[in-house]
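Protein chains in written order, with my numbering: chain A, 328 to 706; chain B, 25 to 390; chain C, 15 to 175; chain D, 24 to 509.
Worth flagging that the hints you see were computed from the coordinates, not collected in a lab. No residue lacks a Cβ here, since even glycine has one placed at the ideal position from N, Cα and C. Treat the hints with care, since some could be wrong.
[Claimed, not checked] The calculated DSSO-like cross-link candidates involving lysine-lysine, where the alpha carbons are at most 27 Å apart (straight line), are:
| hint | chain 1 | residue 1 | chain 2 | residue 2 |
| --- | --- | --- | --- | --- |
| 1 | A | K631 | D | K118 |
| 2 | C | K74 | A | K659 |
| 3 | C | K38 | A | K420 |
| 4 | C | K27 | C | K60 |
| 5 | D | K206 | A | K385 |
| 6 | D | K134 | D | K110 |
| 7 | D | K133 | A | K631 |
| 8 | D | K118 | D | K206 |
| 9 | A | K389 | C | K78 |
| 10 | C | K27 | C | K78 |
| 11 | A | K529 | A | K585 |
| 12 | A | K659 | C | K78 |
| 13 | A | K389 | C | K74 |
| 14 | B | K370 | A | K529 |
| 15 | B | K370 | A | K361 |
| 16 | A | K385 | A | K420 |
| 17 | C | K56 | A | K389 |
| 18 | D | K183 | A | K389 |
| 19 | A | K631 | C | K154 |
| 20 | D | K43 | D | K110 |
| 21 | C | K139 | C | K74 |
| 22 | D | K43 | A | K529 |
| 23 | C | K60 | C | K74 |
| 24 | C | K154 | A | K385 |
| 25 | C | K56 | A | K385 |
| 26 | C | K154 | C | K74 |
| 27 | D | K134 | D | K118 |
| 28 | C | K74 | A | K631 |
| 29 | A | K630 | D | K110 |
| 30 | A | K361 | C | K131 |
| 31 | C | K154 | C | K56 |
| 32 | A | K385 | A | K659 |
[Unchecked claim] If you want a taste of the chain A side facing chain D, the calculated C-beta under 10 Å gives, among others:
| hint | residue |
| --- | --- |
| 33 | E393 |
| 34 | T464 |
| 35 | W465 |
| 36 | H497 |
| 37 | D498 |
| 38 | F503 |
| 39 | N523 |
| 40 | T527 |
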Amino acid sequence: MEANLVDKSVIETGEMVLNMGPQHPSTHGVLRLKIHTDGEIVSQIEPVIGYLHRCFEKHCEKLSYEQIVPFTDRCDYLASMHMDHAYSIAVEKLLDIELPDRVEYIRVIIAELQRIASHLVAVGTFGLDVGAITPFTWTIRDRERVLDLFETLCGARLLYNYIWPGGVSHDLPPKFIERALDFLDYFDPQIDELNNLLTTNKIFIERTADVGILPPEVGINFGVSGPSLRGSGVNFDLRKNEPYSIYSKFDFDVPVGKGEMGTIGDTWDRYYVRVLEMRESAKIIRQACAELPGGDVHAALPKKIRPNAGEVYGRYESARGDVGFYIMSNGKNIPMRVKMRSPAFCNLSVLSEISEGWMISDVIAILGSLDIVLGEIDR
Amino acid sequence: MTSIFDSLQESLAFLNLDLFMLLSLISLLGGTVIFLVMAVNALVAVYFERKVSAFMQDRLGPMEVGILGFKGGKKFWGGIGQTLADAIKLLTKEDILPKSSDKFLMILAPFIIFSGAFLTFIGLPFAQNIVISDFNIGLFYIVAMSSVGVIGIILAGWSSNNKWSLYGAMRAAAQIISYEIPIGLSLLLVVIVSGSLHLGDIVQWQETNRWFIFHSPFAFLAFFIYFISTVAETNRTPFDIPEAESELVAGWMTEYSGFRWALFFLSEYANMLIVCIVASIVFLGGWLSPLHLINIFPESWYILDGPALGFFWVSLKAVILIFVMMWFRWTFPRLRVDQLMYVCWKVFIPFALANLFFVSLWELIF
Amino acid sequence: MTFDEIVALLDTKASGKTSVIEGKTVISVSPENWSEISAILKNESKLNFDYLMCISAYDKGDNKVYGAAYNFYSTVNNHYLEVRVEIEDGISIPSVVELWKAADWHEREAYDMMGLKFEGHPDLKRILLSDDWEGYPLRKNYKEPDYYHGLPVPKDKSYWD
Amino acid sequence: MSEYLNNIVYGVKSFLTGMKLTMDHFRNKKELVATLQYPHEKWPVPERNIGFNHSEYNLIRSRLHVDIDDCIACMQCERACPVDCIKIDSIKPPKGSEIDCGMTSNDTQKKMIVSRFTIDMSECMYCNLCVFPCPEDCIYMVGGPNAEKHEIDYEFSQYKRDGMIFEFADATDEAIRDAGGEKWLDQRDVKLAKHNDGVELKGEVKSVKPDPITAPIKTDTPISTAKPATQTSESSGELEIKSFNDISDKMCRGIAKKAFMAAKRADKDAVAILADVAQALSDAGKMTEDIQSILDRLSASPSKAVAPAVEAGGDVKVESVPDAPEAVEMKEFDIKDLNAIEDKMARGTAKKAFIATKRSGEDKVEAVRKALTDAGKLDTATEDLLNSFSGAAAKVSAPVEAEKLAESTEEAVVEPVGDLPLFEIADLNGIDDKMTRGMAKKIFMAGKRTGKTRTEVIADLRAGLTEAGKLDDATNTILNKLGSGN
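Put together the whole structure using the sequences plus the hints.
Right under this line is the structure:
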């Protein structure tokens, strides 16, 4: 659809400010968008965030390093494991601890399962945004399987506090690997089902292809990261570019948007990259499960985390994108400053750039394709 | 074909009231009947829809509010009483009117929409002789009445003084008015062939010849155009942009609550029933049994046909069509406004016009 | 490029305007030079830091010096750089929004939380907190207000102690 | 044009694929439905593959539970909690005291008494961090692998927020006091008082309560004056720690009790004990008229035992029963007073009888007593009630004497001091709260204009202030002062 749908020279139109949110079915949380519309056409968007601000960084200045982990859970509540992992990696960099292999493998398995779970929600809610309700329930049903696995792992379904600086809280429970592999076998056909129902549906393609195109340079300039950036053809994945854990050992591809249904970097690409990434994660999990070594997962857990003065910037490829933890330590057991670089924060900042000139319905679709989590944006 | 109206007139003659009293009495009875039909239809259809959606989404749907000891938790079809409970809840719910809304119009709008659906039922036959009043232009009347509701929709959206409602109303107006055209064209095809606007005659024609859907490839196509257009006219997914839940919170009924909202709901499902009954009468041979299609059955089976079971056949066909509508809804995403218009003006209307032309040729040739 | 090469190159480009914080792979820039250095970082083909990852405002603890740590990454050359701009309270840092659009919200957040002023920012206003908030919460000397819009702010848990 | 048609064909094809899928799901619902009917079926339900066997869980996140017998009060969990939802207080017995704090199940000798172990589950964020450091494994989340220690309990919803605060410590006050925890007990009492006050006024206005002190005193006085010096012998038996519970202010009560215990260990007799208590209180600067009067009463109370011998009939409780309505203002025996009777039936009978007598106009008390005895419903409580009223009737006959007695026991309550002159408005300045003061002064002026007596004005003040919910302890004391005319 072209932006110049309305010929201004013929029709006199005025601008109307539409206030979407903080309570709205498809703002994925308490996000408020001040949309300047011209009929159905959007001329400008001002995102208003902060409704979910929970002073994460202020809390961190009052809590010891161990106690911060549960709070990182609360940041990205759809990918809590990733937040724990990112924070732990940063702290380990600060302490420079060497981790046992088993811990790394467990972390990778868990992180990729979490990626699948998070992408399932992203894909399902995206379908919901464009009006397809059934895919949502199907994806949520599959996500439940992952959550059940995590529940056997650490008892919690959403906020795990499982990955700790220097290790993990528990070893894998009995039968975990078998169950994980069972889940993957069950999961592959589900992706095909999803593709048949939603991805290749004509209406869905009409709604998403060629909509909200994010050019690569714009994305990079705005600091967009993760699937949203890969959707526009940029092959930038920290697991490949800066292998942080043991990702260098595994063989997997980084899916990027190819513009199969429309232009490169359109909404459909951002959506489809996530679908493909689930398959890649499954690949990684299979490899990791195959060569999972033994050992004690608590070997490297420090008695008391008291790093030397200094600072560290840890990067991590979460389900949303490039999570960064900038930790400044002054030698106490309480960090002096913890700054979290939240990917969704940057991804959202590009919204008004790419959704101007489209219709309100498209804004919903674009917002869904950016896959924001307000808990992480507002911290 | 006699209507309920006439038969009542005869049967109540012994009261020898004067004409005005008689007519008012009869119309009172007829109105009650229609209202009951609408209410029951809404109750059943909502439960049906919930269950269909639930099973298509691997859920169970309402399971708890069983009646007559039919308690949920064990059987799939539990929760029979759910919609009844919801209806009671809606009726006893607080009725909120926004402070800065146009009170009069906001109160008026639901009744306009409701009466639109209500009036349509008058000319709608459920079987050979089960029709409140039998017009000789019944088809025309139904098409005309079924588009009265859009006035109410516009009023509702405007008087709510809510931007979302306004968007919904505008979209609804554009959508319903445009989709009137393919509907009219595809029905016109039937009229051309059967040469009558009287629904009874149309069914008569199908009885003597064959069902319209099998009349010719064009009629076959026309049926689908008609059916999809009616899906759009009843504002259901994939054409539910007026109440697009993820975009406009609830479209033009955002500000409504309680009884008025229940009226919207009632007329929405009534419209579904109407369009499906019209489709089954006009294209699917109305109260004729499918046995006629394939003549392998002995004559004696044709007892299944005829006025006695007519109501059964009509409602069966209607229910199947309604199920298909729900099936659409739980399968497809939603179209965008301009795409909706595209489908209407650039796909349906050209095809409908072509149909009209070719069917006329067909009639000339055969 | 390694850190040392970057430092060397920066010295050739703008000698004496950058300094390396000893013991760290961090470059410190004074606010008056920052706009020039940032332009070099972005546009110099060998550096080509096109990806601004994060701007972390920090408080040194003495109620005087505040700083902003810029973490850069180059998606082309795959190298990092961390630059620090430290200021006394009240002095403003030149904004880099023209070079990196990502800086827009990060600078707003730095202003919101730590009270750093960025001159040249299109509209520097609070982003996470409400516009009528007083003070900058992440400063070490920040005092929680007793009341917010007349609502008492619970400080202790005396209701169940 | 071909693209146009291709679009349509592709669209129709994709629609059919999708519809086939949904229809498959519709048909195979029996296998595919993933819902768990929560109240009817709870996980683990392996056959539907939602949830697994407990043995396969590392742990489970649910309510925190503490085996308090194993807790050695090492405070590790309290320190680990990121949200401070665990509060532990412990008391170390003094050196040389042979108090055994018990052994844990790991055969660790406990060195402390855990006087308090509260977990506020409404604040807990189930991070499980408190479980790991525990050296005795006595704090854990119930269910799952811990199921044999404590069964799963994830449904602990409450109607009140307080319900989410779980208290695990089971040390009795005596044990704590023996371990030298009086100080802790006092602090706890203060907190509790604060809490209860908060709970009591649920936004409702408290009804005017007569001072609890006044009632018993009036009934006691005659005897105490009659036989001043005979009690000390048996008093030590009479005087108990409970007796101090009448002291309204928790702090003072604590001090009093402490002094009492100290004195009791040195087994002094009642008078000496009371002297000690008074001493301790005045040291703490907590001595108020109320407490003074209570002490007086206690010094007098031992006479209870010998009272019956002197007074004809009536058993012990007769005089000692606190009878508020009578004491505050000498009111007639009213049908409302019968509401004090617990048993429904008995109350019914009593009221019937009361009404009857009202018509016939004979002695109500006797009639009711008779009716109840006939109905066999006359239990001691009712007996006391009626006795008190018979006493009341007597009093009404001779108010003057009552007044004399009242003065003779110099106790400081609002009680009949109508003769005192009306106090000055400046006397109200003692009230700190501005609003309260203003209100009080208004009421005072109103009363003054209508020329009311001191008692009436004070009554008005009480009523008015409670009306506005402003009648706090301080104001109450001031009013008492004014009432007692000093």
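Here is how each hint holds up against the structure:
no. : hint               : verdict
1   : A/K631 with D/K118 : 33 Å, violated
2   : C/K74 with A/K659  : 15 Å, holds
3   : C/K38 with A/K420  : 14 Å, holds
4   : C/K27 with C/K60   : 12 Å, holds
5   : D/K206 with A/K385 : 37 Å, violated
6   : D/K134 with D/K110 : 18 Å, holds
7   : D/K133 with A/K631 : 26 Å, holds
8   : D/K118 with D/K206 : 17 Å, holds
9   : A/K389 with C/K78  : 21 Å, holds
10  : C/K27 with C/K78   : 31 Å, violated
11  : A/K529 with A/K585 : 18 Å, holds
12  : A/K659 with C/K78  : 22 Å, holds
13  : A/K389 with C/K74  : 16 Å, holds
14  : B/K370 with A/K529 : 16 Å, holds
15  : B/K370 with A/K361 : 34 Å, violated
16  : A/K385 with A/K420 : 22 Å, holds
17  : C/K56 with A/K389  : 37 Å, violated
18  : D/K183 with A/K389 : 30 Å, violated
19  : A/K631 with C/K154 : 24 Å, holds
20  : D/K43 with D/K110  : 60 Å, violated
21  : C/K139 with C/K74  : 23 Å, holds
22  : D/K43 with A/K529  : 15 Å, holds
23  : C/K60 with C/K74   : 33 Å, violated
24  : C/K154 with A/K385 : 10 Å, holds
25  : C/K56 with A/K385  : 32 Å, violated
26  : C/K154 with C/K74  : 8 Å, holds
27  : D/K134 with D/K118 : 11 Å, holds
28  : C/K74 with A/K631  : 24 Å, holds
29  : A/K630 with D/K110 : 24 Å, holds
30  : A/K361 with C/K131 : 25 Å, holds
31  : C/K154 with C/K56  : 33 Å, violated
32  : A/K385 with A/K659 : 16 Å, holds
33  : E393               : 7 Å, holds
34  : T464               : 9 Å, holds
35  : W465               : 8 Å, holds
36  : H497               : 4 Å, holds
37  : D498               : 8 Å, holds
38  : F503               : 8 Å, holds
39  : N523               : 5 Å, holds
40  : T527               : 6 Å, holds
Hints 1, 5, 10, 15, 17, 18, 20, 23, 25, 31 from the earlier list are contradicted by this structure; the remaining hints agree with it.
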